[in-house]
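From first to last, the protein sequence lines are chains A and B.
Oh and the first sequence: position 122 is 122 in my numbering, straight run, nothing missing.
Just so we're on the same page, my numbering is the position in the second sequence counted from 1, plus 355.
Please note that the accuracy of each hint is not assured.
[Said to hold, decoys possible] Computed, partial: chain B to chain A, Cβ under 7 Å: (1) F476; (2) K693; (3) A700; (4) A703; (5) Y704; (6) A706; (7) N708; (8) P718; (9) P722; (10) P726.
To be clear, the hints were calculated from the coordinates, so they are not data collected in a lab.
Cβ coordinates follow ideal geometry from the N, Cα and C atoms, glycine included.
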Amino acid sequence: MNNDNGHMEISHTNGQALLQIKDLHVWYELKRFGFGHAGYVRAVDGITFDLAQGEAIACVGESGCGKSSLMKTILGLNIPTKGDVVFDDTSLSATKGEELRQYRSKIGYIQQDPFGALPPFMTIERILEEPLMINGVTDKEERRRRIAKILEEVKLTPINEVLPKYPHMLSGGQQQRVVIARAMVMNPKLLVADEPVSMLDASVRVEILRLLRKLQESHNLAVIYITHDLSTVRYFSEFIFVMYAGEVIEFARMEDLLDDPKHPYTHALLDASSDPNADNALVYREIPKGEPPSLVNPPPACRFHPRCPHFMPGLCDVKDPPNFEVSPRHLVNCWLYDPEVQATNLESISVNNAV
Amino acid sequence: MKTLLERFRQLRSYPTAVIGLIIIALLVIVSVVTPFIMPYNEAIRLWRGGEDIWGRYPRNAAPAWQNWFTSTDVSNTIILDSVEGDGNVTISDLSADTREARFSFEFDFPYDTFPPELTVFANARYDSKEPFVEMIWITPDGREIRVGEFAVSSNTSFRFNQDDRLQRRLERETGIDGVSVVHGLFDDPAQEGLQVLPGTYRLDSIGLLFEPESELDLAFVSYGEVHGVAGTDHQRRDLSVALLWGTPIAMAFGLLAALATTVITMVIAAVGVWYGGWLDAAIQRITEVNSIIPLLPILIMVGTLYSRSIWIMLGLVILLSIFGIQIKQYRAIFLQVKESPYIDAARAYGAGNMRIVFRYLVPRILPLVIPAIVTLVPGFVFLEASLAVLGLGDPVLPTWGKLINDAATQGALFNGYYYWILQPSVLLMIAGLGFAMVGFALDRVFNPRLREV
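Bound-form chain A, shown alone:
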């Protein structure tokens, strides 16, 4: 499962993939004085994974790790610099103009900030009508019927009371239901949820997550759930991958990753996630020192090495780590799991377990 440059390839769909991300690079060009070239921001730097119909995958990572760029590229809002996204047999790098527009309309998009995601000058009815109008549902009755159906599904009733309202008249949870309804109104096969509950009150988070889970099951949706908060991940995905500085550093089944994280960064991330337990107030949590690396000049080899507590000089900063399959379907992109390294430095294992 290793390719030449050490990027992780995650394939578990046996050729029945709805979405295929192939060695995706999304680089933004930096300009000097508005025209001179000054390098690239490597927001996404070689990511490969598959997603089958009806499957959910979570993507975690801290701010600035490239998860938003990855998501926007999957949605067709960014152009891949290198590599490709194939969704429903349409290759993103080959589509343009009207085809690109159609590609976009087949993927539902749920945003983080429900109030910002809804145009404040449109009524709920108008907001839900827009995708339908744009995508050629010209019949007013048909539009109303579909809107009513989806509002029923997201439990935003009574419909006639909700439709003439403006977004600011709804609560945060209701707004997010509208966002979900808008994402679902075109009957997409894939839903991209970008931190769908992080801006909501804790009291409505679970409801929204349950709603998403229910929609996923009833519509057999593929879902990409993007978050920085590991405490909400458990609710729905089977698989999870961790991103750091534009690369995938660990991939596993949900339980495997949460219960037995391997990569030092995953450890740090799990330690930082909040868990409402009063005892935690007294626990000292170690967070990785330093800051996320610059994506313009990322550190050589393993991008985590400047912050890593198990940094092995001469190895981590020289050679790109390959992926090691520590257990079935659990891949980690770290030299600590190289059998040779483990053999030569038995202590490292105990160090790892102590983290």
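Following the hints, put chain B in place on chain A, whose structure we already have.
Showing chain B alone in chain A's frame:
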């Protein structure tokens, strides 16, 4: 975010806005009604007309409302026309061919001041022999003064002031050397100095018609020192024509210019921000260059060298204003709106570029733009007036600015014709005030943060 209608309803809580709205409503009503009561071509014909149209109007008469503010009752215009059925007309045969037509025009003259002019207009139809008219003036105290006689061709006017024999006769009659005709005719001999004798005067005219088919019409005009609601100018034209027609022109110019400039500026800013890159850069550079090009000198240049048509001026004003400095202001907001999650969402469900610009970017800025449009109107109304005052007004249209220009060239203030400048200026100020008051109130309604300031 409230609907536009709700926001406009909020205006009711601002008294200044209510006054402003009433002013705007009146101006709009006048603008709409004027073309119906006086069609465009009729207004142009009247305004360009000479003595043929304005002959019976006094020269440089003040508006009639002046009498409300003064203790002396200034003479008003009196017109007696036999065609209109005024006066007593009796026709009798003198011989087989000759007939005598007696016109007796009786009128009440209650004013305290002398009329500036007296004229008899005569119109006759005949084959070869012109009818002949002889006139006698009968004062309220019974004195009879022979005015004079004249032969009537098709359109003849007898101007009392210009008749030397009548003037000498009145000198003898009143015993005052160099007395003018009007003074002589209306003077009260019982009083010291020149005083109007109020009462009922009569002008008896005897017309002799020398052909059986001949006809004669007479009209007597005693010109007033005040006339109508707005007064008259040096060409006897009624100022109300220009004041009335100036309203729709000022409104049309102001509203069209304000609306077109703001809307186009907004769209340019939105398109620039949305597409970005070289297009945005080009728009920014054009705006910067354009903002240092002075508008008025260019208008003066075009007006002097090319055309003074109001539509050319309007087009030019719009053209030079669309790359106005407001683009920077709108751009700053659009740049922020462009990054809104809802724009991403719209792109994600497949909205095209134009749809995003017009349905997602532009509506966000409307709260800012609507007050701007209203506040900009007076500026353009004043600009149009300024051009007219500078002598670059439309050569055909009667406008407020044109009146001020005429007044200035005729030395109105030096001659005491204050109303000539006062009326158009007050209308300009009221129009400006109305729009400004509504605009500022709208600003407060749409941008609530301003309320704290």
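Hint check results:
1. F476: 67 Å, violated
2. K693: Given a least distance of 13 Å, the restraint on K693/B is violated.
3. A700: Since the shortest Cβ distance to chain A is 5 Å, the answer is holds.
4. A703: 4 Å, holds
5. Y704: Cβ of Y704/B sits 4 Å from chain A, so the hint holds.
6. A706: 5 Å, holds
7. N708: Hint on N708/B: violated, closest Cβ of chain A at ~10 Å, above 7 Å.
8. P718: 5 Å, holds
9. P722: 9 Å, violated
10. P726: 16 Å, violated
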